[in-house]
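All chains, please: the whole structure from these sequences, using the hints.
Letter by letter, the chains look like this.
2 protein chains.
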Amino acid sequence: MHDTLAVVGATGAVGRIVLQQLETRDFPYKRLKLLASERSVGQEVTVKGETIKIELLAPGAFKDVDLVIASTPDEVSAEFVPYAVEEGAVVVDESAFWRMDPSVPLIVPEVNPEAIADHKGIIASPNCSTTQMVVALAPLHKACKIKRVVVSTYQATSGAGLAGNVELMTSTQKVLDGETPASKTFQYPIGFNLIPQIGSEKFEGYTSEEMKLVYETRKIMGDDNIQVCPTAVRVPVTIGHSESILVETEQPISVEQARELFGAAPGITVVDDLQGQRYPMPRDCDGKDDVFVGRIRRDISGQGNGIAFWCVSDNLRKGAATNAVQIAELLQQSVATA
Amino acid sequence: MHDTLAVVGATGAVGRIVLQQLETRDFPYKRLKLLASERSVGQEVTVKGETIKIELLAPGAFKDVDLVIASTPDEVSAEFVPYAVEEGAVVVDESAFWRMDPSVPLIVPEVNPEAIADHKGIIASPNCSTTQMVVALAPLHKACKIKRVVVSTYQATSGAGLAGNVELMTSTQKVLDGETPASKTFQYPIGFNLIPQIGSEKFEGYTSEEMKLVYETRKIMGDDNIQVCPTAVRVPVTIGHSESILVETEQPISVEQARELFGAAPGITVVDDLQGQRYPMPRDCDGKDDVFVGRIRRDISGQGNGIAFWCVSDNLRKGAATNAVQIAELLQQSVATA
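Protein chains in written order, with our numbering: chain A, 188 to 525; chain B, 188 to 525.
FYI, nobody ran anything at the bench for these hints, they're computed from the structure. For clarity, every value in this text was computed on a predicted model and none was experimentally measured. Careful: at least some of the hints might be erroneous.
Computed far set for chain B versus chain A, every beta-carbon distance over 10 Å [unchecked claim]: (1) 198; (2) 203; (3) 207; (4) 266; (5) 284; (6) 288; (7) 290; (8) 335; (9) 489; (10) 521.
Heads up, incomplete: computed chain A residues facing chain B, CB under 7 Å, no partners named [stated by the list, open to error]: (11) 363; (12) 402; (13) 414; (14) 486; (15) 495.
The list that follows gives simulated cross-link-like pairs (lysine-lysine, BS3-like), each with its CA atoms no further than 25 Å apart [stated by the list, open to error]: (16) A/361 x B/217; (17) A/307 x A/250; (18) A/475 x B/361; (19) B/217 x B/307; (20) B/361 x B/371; (21) B/334 x A/334; (22) A/361 x B/307.
We treat Cβ as the ideally placed atom computed from N, Cα and C, and that holds for glycine.
Put into structure tokens, the structure is as follows:
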């Protein structure tokens with residue numbers, strides 16, 4: 188058991204849910220410290236009935252801290268994580284900054300919990316769109332070895348934080364009122380629109396968000412031979428990322444087998460009855476911790492072994508806060524059994 | 188030149204744009220007749236400055252008609268088209284009912300204009316999501332022979348007619364007002380939501396909308412060997428269908444070559460500059476007749492020759508009204524040159 192837990196970025200879209208998860212999952216700690224940038228310092232937040240004043244994220248803040256759960260922008264993470272580790276804390280980091288560092292395990296507890304053993308003070312939690320995808324891919328990979336993934340995403344505005352949701356709401360209301368919406372968080376007005384760009388160009392016309400689906404997937408699944416063709420699109424939905432996924436496997440796989448594999452896998456709820464109009468949708472997954480899978484069907488275009496499916500998950504929960512708290516739980520178990 | 192043109196379903200979402208297109212494209216006719224179901228009979232509509240009273244769609248209505256452009260539900264088309272043809276008219280039909288009939292040409296003028304020569308009184312216009320896709324696929328197929336297509340759609344609510352758009356608007360306003368939205372046109376509330384079902388189950392877990400992307404594509408491109416894996420999703424956008432498309436070709440194809448082929452093809456506008464944040468979006472394509480293509484990139488997952496791209500088009504225009512009027516223009520040319 189850790190004595191002092193620090194949550195960094197507690198007032199953000201993900202940080203708020205981290206605090207909720209500490210309550211709902213009854214995460215054990217003796218003392219909770221909340222750290223944020225100057226803007227939030229002095230604010231009071233109530234967690235598990237205790238009112239806590241937010242302190243400044245600065246060198247020295249981690250001297251008495253054992254474990255950190257951090258949800259901050261990449262540049263903030265790049266700066267504070269080294270001194271947090273230096274000061275003796277173990278950091279579960281949700282930013283993208285450390286994910287591909289070879290010395291940093293990138294963990295989805297349902298997929299590669301064992302990788303946590305190698306950590307050197309930093310454990311990274313993957314990007315939201317990657318996390319839900321690898322949870323769904325893992326049982327198929329284990330049974331039939333995935334060779335290739337083609338994925339098109341339908342990503343919610345909360346992936347860009349609270350500001351993203353506010354912008355969707357105001358942008359939408361403007362359109363309904365016959366006015367011209369503006370944009371600041373997103374490249375263009377998102378109300379009743381789609382934006383086929385998340386992040387900036389990273390590799391051969393693919394965006395940074397798209398390449399996370401390539402690189403992070405390989406690292407988590409521990410298989411650099413998995414080929415991924417990603418398309419990442421922002422859609423006018425507040426919470427819940429959706430993904431249209433096609434997988435090609437080495438061994439043959441049937442729809443029935445895929446459905447059974449999904450159904451038996453941890454962290455997956457199968458909602459799959461087209462005739463009964465049952466399939467995952469953002470509105471049903473908002474506030475849930477699982478990854479939801481449906482529309483499971485044979486790839487009718489392939490020469491080989493292929494399965495197509497539809498996958499939805501709350502991007503603030505399994506895509507971020509829930510996965511980070513699960514990593515912290517894993518750390519506790521390893522401390523407990525050490 | 189045809190003497191009498193009839194437009195069937197003139198008060199619907201697509202029918203209204205057919206009438207607009209007759210004006211903008213200065214489609215020649217001596218007399219225009221508007222036909223609709225009982226509900227609309229007697230309404231007056233102004234086209235090219237002439238006020239026309241809507242008449243009842245019933246046997247006998249086509250006795251004096253040469254050419255028909257019809258936008259009606261499938262069941263209405265199934266009933267009236269036979270007697271329209273019997274009464275001597277040639278029908279350009281936008282419903283799904285006749286599309287796969289072997290005696291009915293299914294035409295996208297940029298792709299297979301020559302097929303119109305075989306018509307026996309009925310010419311079908313494809314489904315909205317198919318039309319924009321085949322316009323984009325045609326130049327690639329001609330140059331490099333397409334073997335396989337993986338497509339995920341992001342389809343606007345106007346695909347379900349005016350009622351679809353009204354439902355999106357009311358559903359969205361309800362959510363903004365903190366109330367619970369209802370649904371009638373769609374299976375579930377569509378405001379800030381996605382619905383991964385368009386149509387009903389048709390084949391092995393694929394919906395009717397999805398299978399149109401398989402069957403219609405093969406028929407229009409005249410190649411039954413083209414394999415398609417489709418996923419069709421309704422999104423909270425009023426106008427403009429978007430598609431994330433991956434093609435695999437027989438011959439090698441480079442990004443530069445694909446961009447050139449798209450750029451030289453009729454009916455396509457290339458908007459492709461990720462660094463400059465230029466790509467097709469529904470809000471920019473609303474009210475335009477072209478098919479817009481961007482995010483053109485190499486398939487980084489394939490062993491073979493693959494190109495991924497993003498394609499948007501106004502589903503009421505090229506996806507429906509514009510294509511039908513273009514077919515009518517083709518018919519006129521063939522009459523003129525006969």
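Okay, the hints, checked on the actual structure:
1. 198: 23 Å, holds
2. 203: Since the minimum Cβ distance to chain A is about 19 Å, residue 203 of chain B lies beyond 10 Å and the statement holds.
3. 207: 21 Å, holds
4. 266: 27 Å, holds
5. 284: It holds; residue 284 of chain B is separated from chain A by about 23 Å at its closest Cβ, greater than 10 Å.
6. 288: 22 Å, holds
7. 290: 26 Å, holds
8. 335: With a cut-off of 10 Å, residue 335 of chain B comes too close to chain A, as the shortest Cβ separation is near 5 Å.
9. 489: Since the minimum Cβ distance to chain A is about 7 Å, residue 489 of chain B lies within 10 Å and the statement is violated.
10. 521: Check passes; 35 Å lies beyond 10 Å.
11. 363: 6 Å, holds
12. 402: 11 Å, violated
13. 414: For residue 414 of chain A, the interface hint holds, since the closest Cβ of chain B sits about 4 Å away, which is under 7 Å.
14. 486: 5 Å, holds
15. 495: 6 Å, holds
16. A/361 x B/217: Between residue 361 of chain A and residue 217 of chain B the Cα gap is close to 44 Å, so the pair fails against 25 Å, i.e. violated.
17. A/307 x A/250: 17 Å, holds
18. A/475 x B/361: 22 Å, holds
19. B/217 x B/307: 24 Å, holds
20. B/361 x B/371: With a Cα-Cα distance of about 14 Å, the restraint between residue 361 of chain B and residue 371 of chain B holds, given a limit of 25 Å.
21. B/334 x A/334: 19 Å, holds
22. A/361 x B/307: Judged against 25 Å, a Cα distance of about 50 Å means the pair is violated.
Hints 8, 9, 12, 16, 22 from the earlier list are contradicted by this structure; the remaining hints agree with it.
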